[in-house]
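Chain A is already provided as a structure; the job is to place chain B on it using the hints.
Residue numbers (my numbering), protein chains in the order written: chain A, 5 to 355; chain B, 5 to 355.
Some clues are possibly wrong.
Copies of one chain are not kept apart here, so a pair can be met inside one copy or by any two copies together.
Below, computed lysine to any residue pairings styled on SDA-like, alpha-carbon distance capped at 25 Å [stated by the list, open to error]:
#1 Lys322 to Leu296
#2 Lys37 to Asn115
#3 Lys283 to Phe129
#4 Lys283 to Gly130
#5 Lys67 to Phe280
#6 Lys67 to His217
#7 Lys283 to Arg41
#8 Lys37 to Leu107
It is worth saying that the hints were derived from the structure and are not from the lab. Every value quoted in this text rests on a predicted model; they were computed, and no experiment measured them.
There are 2 protein chains.
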Amino acid sequence: MNSGGEEATAQEGVHDGETALRALADYLAEDMKACNREIVARMQSEVPLIPQLAAHLVAAGGKRLRPLLVLAAARLAGYDVQGDDMRHVGVAACVEFIHTATLLHDDVVDNSQLRRGLASANAVFGNKASVLVGDFLFARAFQILTADGSLPVMAILSAASATLAEGEVMQMTTQNDLSTTVDRYLQVIYGKTAALFAAACETGAVVAGADEHTRAALRDYGANLGMAFQLVDDALDYAADQAVLGKTVGDDFREGKVTLPVLAAYHAGNEEERAFWVKTIEDNESQVDADLDRALDLIAKTDAIGVTMARARDYAEKACQALEGAHISSGDDKLAGLLVAVARYTAVRSR
Amino acid sequence: MNSGGEEATAQEGVHDGETALRALADYLAEDMKACNREIVARMQSEVPLIPQLAAHLVAAGGKRLRPLLVLAAARLAGYDVQGDDMRHVGVAACVEFIHTATLLHDDVVDNSQLRRGLASANAVFGNKASVLVGDFLFARAFQILTADGSLPVMAILSAASATLAEGEVMQMTTQNDLSTTVDRYLQVIYGKTAALFAAACETGAVVAGADEHTRAALRDYGANLGMAFQLVDDALDYAADQAVLGKTVGDDFREGKVTLPVLAAYHAGNEEERAFWVKTIEDNESQVDADLDRALDLIAKTDAIGVTMARARDYAEKACQALEGAHISSGDDKLAGLLVAVARYTAVRSR
Chain A
5 MNSGGEEATA QEGVHDGETA LRALADYLAE DMKACNREIV ARMQSEVPLI
55 PQLAAHLVAA GGKRLRPLLV LAAARLAGYD VQGDDMRHVG VAACVEFIHT
105 ATLLHDDVVD NSQLRRGLAS ANAVFGNKAS VLVGDFLFAR AFQILTADGS
155 LPVMAILSAA SATLAEGEVM QMTTQNDLST TVDRYLQVIY GKTAALFAAA
205 CETGAVVAGA DEHTRAALRD YGANLGMAFQ LVDDALDYAA DQAVLGKTVG
255 DDFREGKVTL PVLAAYHAGN EEERAFWVKT IEDNESQVDA DLDRALDLIA
305 KTDAIGVTMA RARDYAEKAC QALEGAHISS GDDKLAGLLV AVARYTAVRS
355 R
Chain B
5 MNSGGEEATA QEGVHDGETA LRALADYLAE DMKACNREIV ARMQSEVPLI
55 PQLAAHLVAA GGKRLRPLLV LAAARLAGYD VQGDDMRHVG VAACVEFIHT
105 ATLLHDDVVD NSQLRRGLAS ANAVFGNKAS VLVGDFLFAR AFQILTADGS
155 LPVMAILSAA SATLAEGEVM QMTTQNDLST TVDRYLQVIY GKTAALFAAA
205 CETGAVVAGA DEHTRAALRD YGANLGMAFQ LVDDALDYAA DQAVLGKTVG
255 DDFREGKVTL PVLAAYHAGN EEERAFWVKT IEDNESQVDA DLDRALDLIA
305 KTDAIGVTMA RARDYAEKAC QALEGAHISS GDDKLAGLLV AVARYTAVRS
355 R
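For reference, chain A alone in the conformation it holds in the complex:
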């Protein structure tokens, strides 16, 4: 499978995370289309504002990474679609609903005005509607899952949802606190990101009726991919040429978020530099515009982005190992190769 994976990526000309993801989405294009249809169908309500607001976020077009992982894991674990049997698509839609609910709530609590380069839902529809539609999508996800009827899938996704909320609360309590350890930071990003990645992959395996071995391998793949993904995201927030991301560079800095780039620069800094970080992160309200430039300089000087990306690559490597070591015998080496490529190139972004 390993060599199959290498071949596949070579064939595709995949050389960065974005292209690897696109290749995976293309390979599963039919499933993804069905999933998009399911998402639109299931966010309907007799209260018109609900699909309107939900559509705003859907139209903004995220990568649909989490549902893609459900679909890929299900297929890799041998889920065979016979006739109308498209359970993996329903579960994938639920995972996207849970994720969307957290995005809606995050943007409210962070008072974000932009999401994926467009006005955020709360900016357009107000905080109240965003909170309530988030609640609706979460409830709807569990309605769909109940109808699907798999207790193991529900156990995985309800636990991941609780962990997600815990991760967000933990992140809130580490904000403005430079005594946060790297381990604590890793716990935060596991909760806020990796737990749902892991759950997405594991539910795909469960839907496919996979054995515990395959289930564990896919869960590990997802968890490690999620860690890598969030580390890269946190690094990019300090990458000055990333305005193309649709998020403003330095958002985390302005909010006083304690992420690995900051911790790495802080720990590697001299006394005066550490004092700068304490002042700007722990009392982020007092920041002036020039502070971001100084922060970027210090991050460059201490290679804090390099440190963060190296750790992302470590997790990505673990994700590949989880998948390759499992020898999942679905016969779909192409798909296995694409999943390996997604992990391997996560820490290499085209933009």
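For chain B alone, kept in the frame of chain A given last:
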């Protein structure tokens, strides 16, 4: 059963809704204690802020009406606790978690500073923590339900949760809009309140293994009780002597909420009075202090409270009929009588 109910309430000296509820809670004191223990045990998390914030609301001591309904319905439907079998307690805790989550989110979106006479969670812990802990409690509820393993219970509670969010969104869209019909208003209060009352009673029946007939009767009881309950709540918001409730009189008026007291006064008013309502409700930001006094005068003049309470009594009567007509043969006539009394006296409050 009817006469049993009358007797029971006569014996208890029950003559208003508060006393009837207290009598029911006393009768189920052991179950309620177990439920309170379950609530405290299940809101734990390794993230300390979560139980802290949840405890703030729990300590504020609501009536625990919804879990009480689960417990009562289960017992009335013949649920017999053998040894450690306390499933109804777990389901009751979940219903309270779902309700608590909506309270936390409501207070954030309404920017409420008070809840049950104490500082609201968002006032003490901030909006962000309140939104996230609400999400946590909701996820935790579905985790507990998944472990309980009853798909019908999960179907009822996930659907009720979605209806709840829809009701809240609908309420938001009717706010400041005096063209809202009474039917629409009734739809709103069904969604925001009655749906979870109905679900609480129905899940109690399901846990007890009740037949469809009993299940439907208890669901109807809960739905009608919930309607009566919300109508009374909306009436009390204009009852000038209700400062004891721990909520400020006139909150709904100041927010421009379109409730039945307002609709009744508006529809019964002359042209000048209708203009007053349009000005103050549709542009609630422009209200001055004297407007509330005028509103209370008009509500008194048109007997809008009387109209609202009469409708509450209609629903309460339907709740009693649902229960009495079902002839649920658990042998616990005392409990049946207490439930009838709760409904019958809902529209009679001691304070």
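Hint-by-hint comparison with the structure:
In this assembly of identical chains, Lys322 and Leu296 lie within 25 Å of each other by CA distance neither inside one copy nor across copies; the values are 33 Å within and 65 Å between. In this homomeric assembly, Lys37 and Asn115 never come within 25 Å of each other (Cα to Cα): the closest approach is 32 Å inside a single copy and 40 Å across copies. For the homomeric pair Lys283 and Phe129, the shortest alpha-carbon distance between copies (24 Å) is at most 25 Å, but the shortest distance inside one copy (35 Å) is not. When the C-alpha separation of Lys283 and Gly130 is checked against a cutoff of 25 Å, the pair qualifies only between copies, where the shortest distance is 23 Å, while the shortest distance within a copy is 33 Å.
When the C-alpha separation of Lys67 and Phe280 is checked against a cutoff of 25 Å, the pair qualifies neither within a copy, at 36 Å, nor between copies, at 51 Å. In this assembly of identical chains, Lys67 and His217 lie within 25 Å of each other by CA distance neither inside one copy nor across copies; the values are 29 Å within and 48 Å between. Taking the closest pair of Cα atoms, Lys283 and Arg41 never come within 25 Å of each other, the shortest separation being 49 Å inside a single copy and 44 Å across copies. Taking CA atoms no more than 25 Å apart as the test, Lys37 paired with Leu107 passes inside one copy only; the shortest distance there is 22 Å, against 37 Å between copies.
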